[in-house]
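In the order they appear, the protein sequences are chains A and B.
At position 74 of the first sequence the residue is numbered 74 (this note's numbering), and the sequence of numbers has no breaks.
At position 362 of the second sequence the residue is numbered 362 (this note's numbering), and the sequence of numbers has no breaks.
The hints are simulated quantities; they were obtained by calculation from the structure and are not laboratory data.
Just so you know, even glycine gets a beta-carbon here, dropped at the ideal spot from N, CA and C.
Do not take every clue at face value.
Residues from chain A shown here face chain B by an in silico Cβ test under 7 Å; the list is partial [said to hold, decoys possible]:
#1 GLY80
#2 TYR83
#3 THR86
In silico BS3-like links for lysine-lysine, alpha-carbon gap of 30 Å or less [said to hold, decoys possible]:
#4 LYS207(A) <-> LYS361(B)
#5 LYS120(A) <-> LYS255(B)
#6 LYS117(B) <-> LYS34(B)
#7 LYS27(B) <-> LYS122(B)
#8 LYS361(B) <-> LYS204(A)
#9 LYS164(A) <-> LYS204(A)
#10 LYS120(A) <-> LYS204(A)
#11 LYS120(A) <-> LYS361(B)
#12 LYS31(A) <-> LYS120(A)
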Amino acid sequence: MIITAGIDVGAGAVKAVLFGFEGGETRLLGKRTDRIRQRDPYALAGESYDRLLAEAGLTRGDVAYCATTGEGESLEFHTGHFYSMTTHGRGALHLDPEARAVLDVGALHGRAIRVDERGKVLAYRMTSQCASGSGQFLENIARYLGVAQDEIGALSVTATAPEKVSGICAVLAETDVINMVSRGVSPPDILRGIHQSMATRLAKLLKAIGTDEGVVLLTGGLALDTGLVAALNDALAGEKLALVARSHPDSIYAGAMGAALWGRFRHDRLRRAEAAAMSAPA
Amino acid sequence: MTTTAEITRRCLALYEDLDFASVRAWKAAAPGRKVVGYMPVYVPREIVHAAGMLPVGILGGGDGLEVIHGDAYYQSYICRIPRSTIELGVTGRVDFLDGMLFPSTCDVIRNLSGMWKIMFPKAYVRYFDVPQNYVDAIGGSYYAHELAELREGLERLGEVRITDDALRASIAIYNENRRFVQAVYDLRAREPWRAPATEVYLLMRAGMVLPVEEHSALLREYLDAAAREERPRRDNARVVVTGAFCEQPPLNLIKSIELSGCYVVDDDFMLVSRWLQGDVPLDGDPLEQLALAFLHRSVSTAMRYEPTQAEKGRFLIDSVRRTGAEGVVFAAPSFCDPALLERPMLHSALQRAGIPFTSFKYAENAGQMQPIREQAGTFADSIKLWSAP
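Given the sequences, and given the hints that come with them, work out the whole structure.
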């Protein structure tokens, strides 16, 4: 069995997966997420990788290709590094073969990626530097509201009168939220307002990359936020785009999975190149 | 035994020292010593060396120098190297220079030579011209005359006579240096994980300030250390970096290209150390031999006139083939006329040859590397995943 690993060092968490390939079958051997929480992300990535290997009864020596993505290029033990859009595109296709666009919404950025049926990136756009479209912003607001992160989506979908939040600047948006709290606006309405603001920006990104129909898979740390998915589908309808946004239980691992899958591709290609070089006349 | 890390640390200290302490120490070590600076891309350092002087590469201020005075001398649409060079001059950082050579790289550098003359009237300043005709009896004769004038100028500056024997001895010493430089480049092209681009860059930068004999010894030490040390081999795309022959990119830019998944297997940084390809013969008239080497065995770059249009790009394509590169990264300074005007011609040549490439611009003090990482990273991915196997 050929084993490859994918390690996605994000701004908020390290995600790692292991794949085994045998007889034309691809098997997910393990996955784990470790929140960075002010630790050294590179040391954490090494620990996370070793724990994942131990859980699968493997060692680093068993891995044919260890691929990194995100901020993982500085990891000493990696075989190859792939850029985030490349890995999220491939990972999304693995999780949802119908996907032709990906929205990677992580702690710091939102990215829209258009892919073809092979996972080749055809177009790409990213949110501007302001954090108001990011997971970190949402996490901050949830903390102010005293809401646990995994409650955000469920609360958001129960909103009855969402409040509009600035979509331009995180500072302005936070001021908006403080005003809403003092006016007695309910947490679900506040959260839904934030989701709508983020969704509007993400829908515009999708429009900018020329995606106007088919399936969009959400990946990254906010992929499982049901409130964001719902708000995004509303925003897509508002933009008159025939797109369906959906998520997958393993969406958070899309980058790591894409890295491991591309690692397998590169492993095979390198072996073929080596064999060709060996058989070539001197 | 010295390690590559130790050698790199020493080179980094030399690179970061904008007061040129090592050069000042060399000059102070014996009375009457003279230092002659030179700007990119090429000057015949052999003649300076034969005069008993230290040739020192002045490559601008990089990202470690705040330019205050320099901006007053140039329009906003001029590259940064002349501004930071002026800054080095007016702040006294290069006050050890007894002479300064300005090669005919572009109009900006030519004008800088005139400004330097006015600003530092006591220094020996020479605008060093090169031939645009490669017929021995025409361009060769012209260039030999230029070299003779340089020799006479340095003789006056140092109050020494530069004999043919002294020139031959210096040529031999630079021949040896070129062989070591080439050996480092060959090692990197063969096994780039043993000689990362940032290390090779710093190693070559050290050659801009160290005496050539010391630099050769350093290169030999590095080659020994690199051959001894085991380093992880990455699955990176092999690229040639071109366009950075004058204003130098910040070190972080080179690091970013490598970190984003590229092995740099050839480049055109500091071409002065390998401008002449192979040994310059030690027999005959040494100036004539230097002239012939320039005419017939020098690298091709934007500042060297190429009379045959069909030949444009051949040198770059040869470099790609020779080093087994899979793509080319055009990294040129903003507002660099020679590099940016040559770029479309090189693009066309690469397109015809089916070699992928990507292009961006930089300034020597650029600090934001995310766009470079993004571009180099996606370029590396496209080579690794979508190029023909």
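Now for the hints, and whether the structure bears them out:
1. Nearest Cβ of chain B to the Cβ of GLY80(A): about 3 Å, under the 7 Å cut. The hint holds.
2. With its C-beta approaching chain B no nearer than about 4 Å, TYR83(A) sits inside the 7 Å limit, and its interface hint holds.
3. The interface hint given for THR86(A) holds, since its Cβ lies 4 Å from the closest Cβ of chain B, which is under the 7 Å cut-off.
4. Restraint check for LYS207(A) and LYS361(B): the C-alpha separation of about 29 Å stays at or below 30 Å, so the hint holds.
5. A C-alpha spacing of about 27 Å is found between LYS120(A) and LYS255(B), which places the hinted pair at or below 30 Å, so the restraint holds.
6. Annotation: proposed proximity of LYS117(B) to LYS34(B) holds, straight-line Cα distance about 18 Å (limit 30 Å).
7. Distance restraint check for LYS27(B) and LYS122(B): the Cα-Cα separation of roughly 17 Å lies within the 30 Å cut-off, and the hinted pair is therefore satisfied.
8. Between the alpha carbons of LYS361(B) and LYS204(A) the distance comes to roughly 29 Å, so the proposed pair stays at or under 30 Å and holds.
9. About 17 Å separates the Cα atoms of LYS164(A) and LYS204(A), which keeps this hinted pair within 30 Å; it holds.
10. The hinted pair formed by LYS120(A) and LYS204(A) meets the criterion: a straight-line CA distance of about 22 Å does not exceed 30 Å.
11. A threshold of 30 Å between alpha carbons decides the hint, and for LYS120(A) with LYS361(B) the separation of about 26 Å falls inside it, so the pair holds.
12. Proximity of LYS31(A) to LYS120(A) is assessed by CA-CA distance (about 24 Å); at most 30 Å being required, the pair is judged to hold.
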